[in-house]
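Enquirer: Residues per chain are reported as follows:
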Amino acid sequence: MDIQIQRKDPVRCLIPKTTMEGMRVPGLLYADGKILSEVRDDPVLQQVINVACLPGITGFSFAMPDMHWGYGFPIGGVAAFSSEGGVVSPGGVGYDISCGVRLHISRLAEEAVRPVLPSLLDALFVAIPCGVGSEGLTMQKGSRLDAVLEGGAGWAVRNGFGEKSDLERIEHAGCLEGADPVEVSGRAKERGQGQLGSLGSGNHFLEIQRVEEIFDRSLASSFGLEAGRVTVMIHCGSRGLGHQVCDDFLRTLSRSVTRLGIRIPDRQLVCAPLDSAEGKAYLGAMQAAANFAMANRQAIGSRVREVFSRFFPGEPLHLLYDVSHNLALVEKHFYDGKEGLFCVHRKGATRALPPGHPSLPPVYSKTGQPVIIPGSMGTASYVLAGAAGAAECFFSTCHGAGRVKSRSAALKALNAKEVSASLEQKGILVRAGDLRTLGEEAPEAYKDVDLVVDVVERAGLSRKVARLAPIAVIKG
Amino acid sequence: MPWRKLDHPADVRIEVEAETLEDLFRECADAFYSVSLGTWSAEHSIGHSPGVFSLQGSGDDLAGLLVTWMNELLFELETSRRVFVPLEVRIDEGLNLLAIGEWVLTPAAGGRVKAVTYGGLSFDLGPPLRLEVIMDV
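Order-wise, the sequence lines are chains A and B. For what it's worth, my numbering labels the leading residue of the first sequence as 1, then goes sequentially. For what it's worth, my numbering labels the leading residue of the second sequence as 1, then goes sequentially.
Hints may contain errors.
To be verified - Under the rule of at most 25 Å between Cα atoms (straight-line distance), these lysine-lysine pairs were calculated in the PhoX-like manner: (1) B:Lys5 with A:Lys405; (2) A:Lys8 with B:Lys5; (3) A:Lys164 with B:Lys5.
What the hints assert, rightly or not - Quick list of simulated restraints, FRET-style, between CB atoms: (4) B:Asp7 with A:Met1: 12 to 22 Å; (5) A:Gln4 with B:Asp30: 20 to 30 Å; (6) A:Ala127 with B:Asp30: 33 to 43 Å; (7) A:Lys141 with B:Leu125: 23 to 33 Å.
What the hints assert, rightly or not - Here are some chain A residues pointing at chain B (derived, C-beta under 7 Å): (8) Arg267; (9) Tyr335; (10) Gly337.
Simulated from the structure, these hints should not be mistaken for laboratory data. We treat Cβ as the ideally placed atom computed from N, Cα and C, and that holds for glycine.
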């Protein structure tokens with residue numbers, strides 16, 4: 001199908017509702033000319049159109065500038081479904097439920113860390129389980145695993161992982177209250193029981209960074225960011241447990257759509273009405289998996305602090321924020337002139353609340369929510385802040401750089417050893433749980449994160465606060 | 001051509017071809033383990049035993065049954081470190097599957113595939129039978 005795209009302004013493009021029969025809303029792409037040219041022939045545009053066909057979708061089927069081909073929903077996709085007649089779809093959350101990122105901030109200057117960086121990185125590599133099939137820091141079975149699924153990061157803190165003050169710096173205070181462990185299958189629990197406190201593999205990582213550039217001095221100061229200081233970023237999710245929850249409900253809901261007569265253009269878009277038993281069951285299981293993910297990141301963050309304290313006794317490693325980029329949340333929004341409840345699906349997209357938003361934790365009520373945007377391991381990551389302009393997309397923004405090159409193409413261009421050598425030439429040390437992943441995750445496989453972030457700032461979705469450059473990376 | 005990788009920006013997309021349905025299921029298993037475990041082969045096993053694998057009414061159609069089959073192999077690999085080598089596969093009209101083969105215990109704790117997905121799933125009855133499927137890694 002030839003997809004006609006109408007440019008609305010330098011960073012917004014429209015896919016008209018008339019593009020395909022069944023579309024209920026238009027598609028809205030956040031993209032400048034370069035980003036649009038990169039995705040012009042990609043299946044991601046058809047996925048934006050397919051999502052626009054789902055019942056109850058409101059406004060637009062959105063795609064952030066880091067968009068790329070996902071399963072059913074595009075990666076970088078945002079879609080809000082009205083609580084009246086709308087649906088929830090596991091494909092709109094993805095397999096790695098509550099995959100997300102957190103940033104810890106130190107007072108240490110890069111110069112203080114550099115001399116011990118190789119041994120610090122080795123110590124972290126030993127302390128933090130990572131790579132294919134990695135087992136976690138703690139085994140939790142039966143009712144103890146249910147307590148994790150109900151308690152999220154709060155469970156982690158109560159069990160010795162981190163500090164109570166961390167919780168106010170985690171989205172939803174580290175726990176989604178609608179979580180229902182009963183809806184999480186025994187198979188999902190079996191996959192997750194030994195994985196709590198592990199990075200896993202794929203694009204997950206732990207990175208030591210330096211604050212390279214400050215864009216907004218006032219916000220950076222409020223966030224505790226100072227040029228030259230060292231930070232630690234952790235990117236991971238709900239491991240096998242989340243994947244199994246998604247797989248279980250894709251199968252369950254594929255029967256529901258047939259029974260309920262819901263027409264979907266792609267079977268990965270199976271869904272259920274928000275007020276149906278199946279829809280509520282998925283939301284309960286998804287929230288439980290999200291709690292597992294938040295507990296997972298909290299446990300890893302706590303272990304990172306322990307390792308840092310061995311090298312730099314007494315130096316704190318404060319948590320700036322922990323935020324998910326794969327979730328469906330029922331939220332109150334004022335949209336198109338009226339207030340309502342919407343199930344906002346963000347798949348490879350981050351919630352970004354502006355200053356004064358009632359859902360912000362008190363510590364960020366004046367600044368807006370910190371948004372953590374991981375880049376590729378050879379380039380940079382960003383700290384953004386939520387901005388009022390994001391109201392048009394249900395307070396959402398991008399989640400990372402987004403891939404442009406396939407894993408096999410990346411491996412053809414550079415093997416793991418070459419990637420490692422190239423990074424070390426730039427002063428970036430690397431350890432990897434799986435060498436093959438290192439080659440596949442080469443910086444060249446990703447979009448230009450600077451461009452992605454530039455687009456969301458120009459669109460008014462978020463504000464640039466600081467740019468972070470990697471100095472050491474552990475790849476899962 | 002039993003199976004090959006196709007282009008995909010983030011994950012692993014494969015195309016599998018076979019003359020018979022039974023061969024297609026065997027090829028899917030082979031593709032899954034190759035992607036998941038890389039250079040692993042049965043020679044690296046730390047134990048093996050005869051085994052039977054059955055799926056009762058697990059798929060809405062043949063493509064769904066294939067995805068279910070691969071996800072079941074994934075589950076066993078991740079939770080029990082077991083590879084199932086299918087020697088004979090039987091599928092009846094009710095989409096019930098019975099596979100007879102061998103369980104092989106691997107030293108690897110799980111593999112790199114995290115899910116076999118319905119995204120981009122296509123199935124052509126051929127001949128030859130042809131499946132396209134994407135694995136999340």
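Enquirer: Are the hints correct? Go through all of them and say.
Expert: Results of checking the hints against the structure:
1. B:Lys5 with A:Lys405: 14 Å, holds
2. A:Lys8 with B:Lys5: Answer violated: A:Lys8 to B:Lys5 is near 38 Å, above 25 Å.
3. A:Lys164 with B:Lys5: Measuring from Cα to Cα gives roughly 47 Å; hence the hint is violated.
4. B:Asp7 with A:Met1: 12 to 22 Å: Given range 12 to 22 Å: holds, Cβ gap about 19 Å.
5. A:Gln4 with B:Asp30: 20 to 30 Å: 43 Å, violated
6. A:Ala127 with B:Asp30: 33 to 43 Å: With a Cβ separation near 37 Å, A:Ala127 and B:Asp30 satisfy 33 to 43 Å, so the hint holds.
7. A:Lys141 with B:Leu125: 23 to 33 Å: 44 Å, violated
8. Arg267: 5 Å, holds
9. Tyr335: Since the shortest Cβ distance to chain B is 29 Å, the answer is violated.
10. Gly337: 36 Å, violated
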